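When you get a sec, could you build the whole thing from the sequences and use the hints?
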Amino acid sequence: MTDRLEGREKVTGAARYAFEYPVEGVAYAAAVQASVGKGRIESVGADAALRLPGVLAVLSCENAPELSDTSDGELALFQSRTVSYRGQFVAAVVAETLETAREAARLLRVEYTEEAPDVRLRADHPGLYKPDKVNPVFPADTEQGEPEKAFAASAVRVDAVYTTPAEHNNPMEPHATIAQWNEDGTLTLHDSNQGASTVQSTIAKVFGLEPSQVRVVSPHVGGGFGSKGTPRPNVVLAAMAARAAGRPVKFAVPRQQMFATTGYRTPTIQRIRLGAGQDGRLTAILHEVVEQTSTVKEFAEQTATPTRMLYQAPHRLTSHRVAPLDVPTPSWMRAPGETPGMYALETAMDELAVATGIDPVELRVRNDTDREPESGLPFSSRNLVACLREGAERFGWAGRDPRPGVREEGRRLVGMGVAASTYPAYQRPNRATARAEPDGTFTVRIAAADIGTGARTALALLAAETLKEDLADIRMEIGDSSFPRASVAGGSAGTAGWGTAVVRACEALRGKLNGAVPPEGVEASADTGEELKARAEYARHAFGAQFAEVEVDADTGEVRVRRMLGVFAAGRIINPVTARSQFIGGMTMGVGMALMEQSVMDPEFGDYLNRDLAQYHVPACADIRDVDAAWVEESDPHLNPMGAKGIGEIGIVGAAAAVGNAVHHATGIRVRDLPITPARLLREL
Amino acid sequence: MRPFAYERATSAEDALGRHQDGAVYLGGGTNLVDLMRLGVEEPSRLVDVARLPYDQIELRPDGSLVIGAAVTNSALAADRTVREGHSVLAQAVLAGASGQIRNLATVGGNLLQRTRCSYFQDTSKPCNKRTPGSGCPAREGEHHNLAILGHSDACVATHPSDMAVALAALDASVRVRGRDGDRTVHIEDLHRLPGDEPRRDTTLEPGDLITAVEVPALGVPSRYRKVRERASFAFALVSVAAVLDVGGGRVRDVRLALGGVAHKPWRARRAEEALRGAEATEESFLRAAEAELEAAEPLRDNAYKVPMARNLIVRTLIELGEES
Chain C
1 MTDRLEGREK VTGAARYAFE YPVEGVAYAA AVQASVGKGR IESVGADAAL
51 RLPGVLAVLS CENAPELSDT SDGELALFQS RTVSYRGQFV AAVVAETLET
101 AREAARLLRV EYTEEAPDVR LRADHPGLYK PDKVNPVFPA DTEQGEPEKA
151 FAASAVRVDA VYTTPAEHNN PMEPHATIAQ WNEDGTLTLH DSNQGASTVQ
201 STIAKVFGLE PSQVRVVSPH VGGGFGSKGT PRPNVVLAAM AARAAGRPVK
251 FAVPRQQMFA TTGYRTPTIQ RIRLGAGQDG RLTAILHEVV EQTSTVKEFA
301 EQTATPTRML YQAPHRLTSH RVAPLDVPTP SWMRAPGETP GMYALETAMD
351 ELAVATGIDP VELRVRNDTD REPESGLPFS SRNLVACLRE GAERFGWAGR
401 DPRPGVREEG RRLVGMGVAA STYPAYQRPN RATARAEPDG TFTVRIAAAD
451 IGTGARTALA LLAAETLKED LADIRMEIGD SSFPRASVAG GSAGTAGWGT
501 AVVRACEALR GKLNGAVPPE GVEASADTGE ELKARAEYAR HAFGAQFAEV
551 EVDADTGEVR VRRMLGVFAA GRIINPVTAR SQFIGGMTMG VGMALMEQSV
601 MDPEFGDYLN RDLAQYHVPA CADIRDVDAA WVEESDPHLN PMGAKGIGEI
651 GIVGAAAAVG NAVHHATGIR VRDLPITPAR LLREL
Chain H
1001 MRPFAYERAT SAEDALGRHQ DGAVYLGGGT NLVDLMRLGV EEPSRLVDVA
1051 RLPYDQIELR PDGSLVIGAA VTNSALAADR TVREGHSVLA QAVLAGASGQ
1101 IRNLATVGGN LLQRTRCSYF QDTSKPCNKR TPGSGCPARE GEHHNLAILG
1151 HSDACVATHP SDMAVALAAL DASVRVRGRD GDRTVHIEDL HRLPGDEPRR
1201 DTTLEPGDLI TAVEVPALGV PSRYRKVRER ASFAFALVSV AAVLDVGGGR
1251 VRDVRLALGG VAHKPWRARR AEEALRGAEA TEESFLRAAE AELEAAEPLR
1301 DNAYKVPMAR NLIVRTLIEL GEES
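Here the protein sequences come in this chain order: C and H.
With the first letter of the first sequence counted as 1, position 186 gets the number 186 in my numbering; the numbers rise by one all the way through.
With the first letter of the second sequence counted as 1, position 246 gets the number 1246 in my numbering; the numbers rise by one all the way through.
Hints should not be assumed to be uniformly reliable.
[Stated by the list, open to error] To give an idea of the interface, some chain C residues facing chain H are shown, with a C-beta separation under 8 Å as derived from the structure:
hint, residue
1, Ser71
2, Asp555
3, Arg560
4, Ala620
[Unchecked claim] To spell it out: a stretch of chain H is covered by chain C in this simulated footprint if at least three of its residues, at any positions, have a beta carbon under 8 Å from a beta carbon of chain C; those stretches are:
hint, segment
5, 1103-1109
6, 1115-1125
7, 1138-1144
8, 1229-1241
Just so you know, these hints were derived from the structure itself, not from any lab.
Treat the numbers as computed from the prediction; the structure is a model and nothing was measured.
Using N, Cα and C, we set each Cβ at its ideal position, and we do this for glycine too.
Structure, rendered in structure tokens:
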């Protein structure tokens, strides 16, 4: 149980975030967003802006330098006159002060030829196509046996369509960058991101530099939820602006502008068909997904992939179809794919439990499997059943009256729901160094990112444990691309991947230590690429069970979550304090998904309308009354030297379904379109 | 943000004198400054009136209150006489915004905050309220949280204040200092329905300064209930402020106001009329609510507000009836 090492710095404000670095002679950038949903920029009138005292430069398609790599359409800033979606950055202003920059941005006159944007995702959209791969490299479709036939022949059938809306990540710290071109032509970026190494290599390519010519510094990051997993246009804009102004430039994306430019979770339309016997054993699972991407670049989310591995069934089908719309490109948001996919699957499982009269916990236990159904691989460890049983015990599931809509407390209807969760235990290659210093301390370096997860603390704990030294003697240095290359803080792969490199580097250092440490220190390094390639083939996943109790106001349809419990099997938990925060943070986000989060697309104008945290609702403290997380002991030798699985995302997967299933149990109403709002419930209450 | 001058008024007269050529009074700034950042409001001058000596809550011998316009929402909700004698007001204020915002927001500013309609807040889109004659995209667009009563073709926006809804049910009046001296405006006459001039939220004239709110004494139970998608920091889908006096099983007096349904706090006069003298039963509460909501003209996506308002009125009156 170790408190966050940088906790004091953070609560006292001493920890510096990207925008906060003092830089001499700094200027400020402000961006202009396209005010049409689709079209062409005819002209950019900059005169009024340039006349404003303090304006240093205006950038747009009319004067921006050519970029070396435009393969990522979102980063090809000002490289063409095409407007691909409303809110796209079409120009920028650099000025002495932020206020001047914003005022000048307001004075820019961008003239367009406008076309009607196509922004509405529909299951019958004529542009739907099958992507080559879904994120990151899964096949779009899979099929085994005769799913249609088997479904038709099943004794019990569930056939339902579920929809989830677009959602926005909204980390507390906005996407922010300070860009500085140095005299030797190199670029220094203080940037808020989930991977300094990724930003370094991507931005180097965009500007035609060697990676060694770009340094990215990001020791503290105020959240990302996936939106900072890859560089966003703000980094390119800052670097371009700094070059144009001949000065360092600060650029933070205002909250309202984030909704168009820093990624979001695609909306989905999912049809699920479950065929089962009267005993609840699945005979057929069919999960067909429709989602959107932009015309700028393809992002095809892997929504149905958890359905490929969670439950046994001889006949199975999954498919993904994507519609390219005139919208911003969707991207990663906490457990991309698994989160909306498992909402649909686990709601369908609840519908199957109702249809068969089998207890929802028991139904999931009956459909457990010891091999990954589609690949046939054994699981490195799989403790879904243990999570369900442990959770049921702790939550007081026994004796749950299965009948929906019969528990009244005054004007409140009360119900309990359950859902399974699962997330892959990814691990990517990483490098790290460990040094013994002559003063008896140790310095461990890796370009990992701590986006608020407690990664710094977990890695320091692993180093101390491996070196058999006091934690106080370990200096953990992360968040800098000049440190050994690290994978992104994403896919819940951080601690497992970075941790392996740290452990191996520390092991190597111990092997080198022999008597007194010389003045220059002793250093060892590790690269886990080969180790990962040599791993035996296993299906590696974390599992969990989510339980929720809700009350629904019979007069108003207001839903409040009374209590929630998640029990997880995620390998060895390295630091219980920060792990618990991660789990309950994920579950809290799941409550938001279930009950309030939705980005509302305006069909006429083609942009997201609710663009601040007063209008885009995430749970406030008052919504989270009693959320608890626990874990089962799990020893898995097939993962990494720590036996650890990732925990950043398993907490949200299944949480929305658990809440929705509890709402059904409370009211008898099955809402299949998230979020479950008072308006939706009142139609049927 | 457009450059502007900031001046602090030293007295009401001084404030009036400074209010010219695109000047705007600044209270807590919790709405105005946001709107300036968005480019919706572009005043050339802010005249700060939050430090004028209108920060007291006076309890008069007859039990009525005079609440200074510069009293913060936090101070108002925490005031003992308000909590005890006019609980509907304290409840309404506490249901609004967040603690941080309530610490800054003032009574005067609260009454004058502007709609949260998404189109109004986005200067890249048309809005009759911002730019007269430019159109109202909300009518066909996103309006799930907009008006069902008293709206017009020109505007379907709602007034966002919780406090004002409670004041409407309390029959409060607003003291205004104008160029022609002091006057008192009944709360119901302060805010306007949009008609074909939605740009104007209130009947105030340029330069008019709200100095206080007068709240008559209240000797009977009162209550504020607000429906929203999350438990705090959200504007009302529908809210109700209710004052109910029951004797011998009959309604002696009742005052009802609705929030989240119209361009102004909606005083439910028809329901009140149906209730006065009626039996204090669920049936008559329901009849009264339905009488009021007959006038509702919901839009495509906000019809849910009709049953929501009906249920909320009925339930709140039942609960109040049990108290009295």
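Okay, the hints, checked on the actual structure:
1. The criterion of a C-beta within 8 Å of any C-beta in chain H is not met by C:Ser71, whose closest approach is roughly 30 Å, and the hint is violated.
2. At about 4 Å, the closest approach between the beta carbon of C:Asp555 and any beta carbon in chain H falls short of 8 Å, and the interface hint on this residue holds.
3. About 6 Å separates the beta-carbon of C:Arg560 from the nearest beta-carbon of chain H, less than 8 Å, and the hint is met.
4. A least Cβ separation of about 5 Å between C:Ala620 and chain H falls short of the 8 Å threshold, and the interface hint therefore holds.
5. Counting residues of the segment 1103-1109 of chain H whose CB falls under 8 Å from any CB of chain C gives 0; the rule of at least 3 is not met.
6. Beta-carbon proximity to chain C at under 8 Å applies to 6 residues in the segment 1115-1125 of chain H; the threshold of 3 is reached and the given coverage holds.
7. Counting residues of the segment 1138-1144 of chain H whose C-beta sits closer than 8 Å to any C-beta of chain C gives 4, which meets the bar of three, so the coverage hint holds.
8. Here the segment 1229-1241 of chain H counts 9 residues with a CB under 8 Å from a CB of chain C, which clears the bar of 3, and the coverage holds.
The structure fails to meet hints 1 and 5 from the earlier list, while all remaining hints are met.
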